[in-house]
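Trainee: Read off the chains here:
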Amino acid sequence: MPMHSGGTGAESAAGLAGGDSGKFFGDLANGLHAMAQPLTILRASMEVLALPPSAGVDQRRYLEISTSQLERACHLFTCVQDLVAVKIVEAQKKQFDLWELITPLIEGQKGILQASGVAIAVARQEACCAILGDPGRTEQAVAAALQMAAELASRGGVIEVSAAQGGGFAELTLRNTSRHGRSLDSSARLSVALAEANVLSQGGKYEFAEDPLRVSMALPVEEAARAGKETPGIRWDAERMH
Amino acid sequence: MNDSPCMPGSPSSSDPTHETAIAVGPGPSKKKPRNGVLSGTAGKRILIVEDDVALAGFLCAELQSQQFAVDILHDGEEARRALEEKRRYDLLILDLNLPRLDGIGLIERVRPSYPKMPMLVLTARSRVEDKVKALGSGADDCLTKPFSLAELLARVHALLRRNSGLIPNCSRVGDLTLLREERRAERNGRRIELTPREFAILDVMMRNAGRPVSRATLLEEVWNTSAEPSTNIVDVYMKYVRDKVDGPGERRLTHTIRGFGYELRDADA
Numbered sequence: 001m002p003m004h005s006g007g008t009g010a011e012s013a014a015g016l017a018g019g020d021s022g023k024f025f026g027d028l029a030n031g032l033h034a035m036a037q038p039l040t041i042l043r044a045s046m047e048v049l050a051l052p053p054s055a056g057v058d059q060r061r062y063l064e065i066s067t068s069q070l071e072r073a074c075h076l077f078t079c080v081q082d083l084v085a086v087k088i089v090e091a092q093k094k095q096f097d098l099w100e101l102i103t104p105l106i107e108g109q110k111g112i113l114q115a116s117g118v119a120i121a122v123a124r125q126e127a128c129c130a131i132l133g134d135p136g137r138t139e140q141a142v143a144a145a146l147q148m149a150a151e152l153a154s155r156g157g158v159i160e161v162s163a164a165q166g167g168g169f170a171e172l173t174l175r176n177t178s179r180h181g182r183s184l185d186s187s188a189r190l191s192v193a194l195a196e197a198n199v200l201s202q203g204g205k206y207e208f209a210e211d212p213l214r215v216s217m218a219l220p221v222e223e224a225a226r227a228g229k230e231t232p233g234i235r236w237d238a239e240r241m242h
Numbered sequence: 001m002n003d004s005p006c007m008p009g010s011p012s013s014s015d016p017t018h019e020t021a022i023a024v025g026p027g028p029s030k031k032k033p034r035n036g037v038l039s040g041t042a043g044k045r046i047l048i049v050e051d052d053v054a055l056a057g058f059l060c061a062e063l064q065s066q067q068f069a070v071d072i073l074h075d076g077e078e079a080r081r082a083l084e085e086k087r088r089y090d091l092l093i094l095d096l097n098l099p100r101l102d103g104i105g106l107i108e109r110v111r112p113s114y115p116k117m118p119m120l121v122l123t124a125r126s127r128v129e130d131k132v133k134a135l136g137s138g139a140d141d142c143l144t145k146p147f148s149l150a151e152l153l154a155r156v157h158a159l160l161r162r163n164s165g166l167i168p169n170c171s172r173v174g175d176l177t178l179l180r181e182e183r184r185a186e187r188n189g190r191r192i193e194l195t196p197r198e199f200a201i202l203d204v205m206m207r208n209a210g211r212p213v214s215r216a217t218l219l220e221e222v223w224n225t226s227a228e229p230s231t232n233i234v235d236v237y238m239k240y241v242r243d244k245v246d247g248p249g250e251r252r253l254t255h256t257i258r259g260f261g262y263e264l265r266d267a268d269a
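So the protein lines, in turn, are chains A and B. In terms of my numbering, the first sequence has 54 at position 54, counting the first letter as 1, and numbering is strictly consecutive. In terms of my numbering, the second sequence has 238 at position 238, counting the first letter as 1, and numbering is strictly consecutive.
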C-alpha cells in the first residue's frame, strides 16, 4: 500500500492563503461530510420520537440512538474546529520529550487493547527524543493514530510503536502488523487529516498508509539534541504489553 | 468488514426481526408499519450501499420496520460484485462518497444490466451540479443529507410504485381475495392461513392471474435466486398453497402448466 505523504508543513503552518489551501478545504469538506451522517440519524430519530404515543415507538431505543449520534456529531464538530484552528493559529515551539508525552497515551490504550486481544509492542530508546514543537498538537496526532490503530487491529494483532532520530527529526512510527481489509470512512479520514495538519503545522512530516495501517510522524528536534544524536536503527527489544 | 447481519448472502438478511448493525437498541419488529400504508411494496428487496456503518444500520432497521427485506454493503466495489452476481433487488439506495468505487461509478457500471431498477442517491453534497451529475449518470432520485426519514420513506415507496406499477391492496380471482396490507387471504369468507413464503407465492400468482407463471419466475420473485433445475422447492411450496387455496369441494383455481409452471385462474370466469 503506498504511503500518503504530507511532506513538510513548515511553509504552511498558518494562514489560509498558502498553497495547500486546496487540501485544507478538501479536508474540511470531508469533515462536513462526516458530520452529515450522525446528523441524518439524529434528524430521523427526532422525527420518530415526535410521533404520537399511538404510533407505538420504542422511545428508549431512539433516545439512545440520538444520544450516541449527538456525541458523535459533537466529536466530529470538535475535529473540524481543531482543523480550522491548526490552520489559523500558529503552533507552539516548546521543548518537550516525545516519550514522556506518548507513554501515558499508550498506557491509556492498554486496557482497551487487552480486552480485544491486541498487543502493543514499544521499541523505546533509552535516550530521550527532545522535540521542539507543540506538545498539544503532537499529543492529539499521536492519540488519533493510536486510536485508529486500535480500532483497525484484530484479535491476535500487534501494534508496533517505535522512534528513531536523524536528519534533524525524531520520527515516531505506529504500525499494525496485520491487514484490516476495511476502507476508512469519512470520520476516520477526518481524524487522519487533523493528525496530519497537527504535525505539518509544527514543521514536521507526516506519512500514512491505510492497510496495513502505518503512520509516521517526524517532528523537528531541539538544536542541542540534533548535534549529538543519530539513532543507529530501531532495536526491537520491545516491551510487550498484553 | 463489520458483522452486520444485513450483509447480503446472510440467511437472516431479510428477516425483519433481526438485529441490525447499529449498536443500540433492538431491531425492528414485525409490528404494523408506523405509516400504515404500504401499497403493495412490502417484501420488496432493497440494497443499501453506505460506508457509514451506523447510518447504514439505522436505515436498514427503519426500512425493515416497513417490511422491506434489506441488505447492506459498505463499499462500491462490493456492491458492483453483488449486483453482477445477479442478486436481484427492487431498489438500490447508495451514497455517492463510497470507498473503492464511488457512487457515480457504481451507477454507471450497473445501470446497463439493471435498466429498470430504481436507484436513489443519498449524498452530503448539496450542490446542484452534484445532483445533476448523479441523475445524469443514471440515478432516479437524489436526497441530500441530513434528510428527513419521512421523506426518504416516501421516496422509496414512490420509486417502487413507479417501477412496478400501482399494485392494488386488494386482488380477486373468482371467490379468492388477497388483501396485501392486511396480509390476509380469504376464499368465499374462509380465512386462509399462509406462511410468509406461501403468501409471497400467492401474491405473485394473483398479480399474474390468468397467465402462466414459470417455476423460474417464482424462484426469482419469491426466493430471490436464479433458476436451478435440480430444485423442486417451488413445486413443494406450490402444493402447500394449492392445498390451502383449493379446499375440498371448492372450484379449482390453481392449475399446473406441465413443463413450465403454474397458473391461477377461475375456470368459470
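Derived from the structure by calculation, the hints contain no laboratory data. Just so you know, even glycine gets a beta-carbon here, dropped at the ideal spot from N, CA and C. Hints are not guaranteed to be accurate.
As the list claims (entries may be wrong) - Residues on chain B that point at chain A, a partial pick, calculated with CB under 10 Å:
{"id": "1", "residue": "62"}
{"id": "2", "residue": "112"}
{"id": "3", "residue": "115"}
{"id": "4", "residue": "122"}
{"id": "5", "residue": "125"}
{"id": "6", "residue": "128"}
{"id": "7", "residue": "129"}
{"id": "8", "residue": "142"}
{"id": "9", "residue": "145"}
{"id": "10", "residue": "154"}
{"id": "11", "residue": "158"}
{"id": "12", "residue": "237"}
Trainee: Would you pick out the hints that fail for this structure and give their numbers low to high?
Mentor: 2, 3, 6, 7, 8, 10, 11, 12
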